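Build the full structure now, drawing on both the sequences and the hints.
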Amino acid sequence: MFSKRSDGRVVTQIDPFQKIVPYIMKTRTDSMNYFTENIPCEGMDAYIEEQKKQDKTYTYLQILVASMVRLIALKPQLNRFVMRGRVYARNHIRICFVVHQTLRDDSAGTTIKLTFEGTETLSEIAQKVQDAILAETKKKTDSNSTDQLAEKIMNLPSPIIRTAVNSLMWMDRHNMMPKSVIEASPFHTSCFITNMKSLGINQIYHHVYEFGTTGLFIAMGKEREKPMVDENGEIISMKQVGLGVVTDERFCDGLYFARAFKLLRRFLRNPALLEEPLDKIEEDVD
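Take the sequence shown: its position 252, counting from 1, is numbered 252 in my numbering, and each next residue is one higher.
Please keep in mind that the hints were generated in silico from the structure rather than gathered at the bench.
Bear in mind the structure is a predicted one, so any value in this text is a computation, not a measurement.
Keep in mind that the hints are not guaranteed to be accurate.
Stated by the list, open to error - Only pairs whose alpha carbons sit at most 20 Å apart, straight line, appear in this in silico EDC-like list of lysine to aspartate or glutamate:
id : residue 1 : residue 2
1  : Lys239    : Asp15
2  : Lys56     : Glu276
3  : Lys56     : Glu42
4  : Lys4      : Glu283
5  : Lys239    : Glu124
6  : Lys152    : Glu136
7  : Lys262    : Glu37
8  : Lys179    : Glu210
9  : Lys75     : Asp284
10 : Lys56     : Glu124
If you want it as structure tokens, here you go:
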């Protein structure tokens, strides 16, 4: 019905096959690809220890968020999404993740959604992530905009909830979703990261959502010792962290994903590459 959205613009300069794919695979469920990245922890651990000497504290989550922000800034096709057969380029780099105030069974998780320019350094992103987590975990009763939106909907009677959710989904599909809802929604984000490592369990393959625009989901698991072949051809045991990645394959091809995640591995193995600001982000095609 309408092609203009507050969170993105239609991409027209794509090949004919890529244009027709969203009409064949109409949902994200149809289009999910799953793969695992096992990242050696040696580089991150060494970097974290070195930074401690300078009274700087970093976590795997902060490094992963910073790596994804830099990756999306350099590989803009990762920041696309599909809506009703059209491929859109997102206007912002946004990352979502969930934090818990405690690890008790009855502890509710809070979704944090952060917006980045793409030129930030690792230290700037780490500080932004840390500030957001501290702000949420210090809260006792207050909710952020994401929680408030969900709470308002769930306070309604069940029939009205179904009508409200169906209405929001219809508005989203027809590009009529209010900007305020998109800004608060965790389902409208460049990438959703879930930190299974903090729960002490292995990575999973987390489904992408039919509602919203998120086409990239990364679950980071706990570290594990795994056998691998070193540069001398010897089998050694090395600590690795697993990333369970689920993608919507419709907005860019497999070769682009492969090259992008090769670059992600490089960032995670050597976080020092993210210390300098990026001069300019790569713009997507028209």
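Comparing the hints with the structure gives:
1. Lys239 - Asp15: violated, 41 Å
2. Lys56 - Glu276: holds, 16 Å
3. Lys56 - Glu42: With Cα atoms ~18 Å apart, Lys56 and Glu42 stay inside 20 Å; holds.
4. Lys4 - Glu283: holds, 19 Å
5. Lys239 - Glu124: violated, 27 Å
6. Lys152 - Glu136: holds, 19 Å
7. Lys262 - Glu37: OK: Lys262 and Glu37 at ~10 Å, within 20 Å.
8. Lys179 - Glu210: holds, 19 Å
9. Lys75 - Asp284: This hinted pair holds, its Cα atoms lying about 8 Å apart.
10. Lys56 - Glu124: Holds, because 12 Å separates the two Cα atoms, which is no more than 20 Å.
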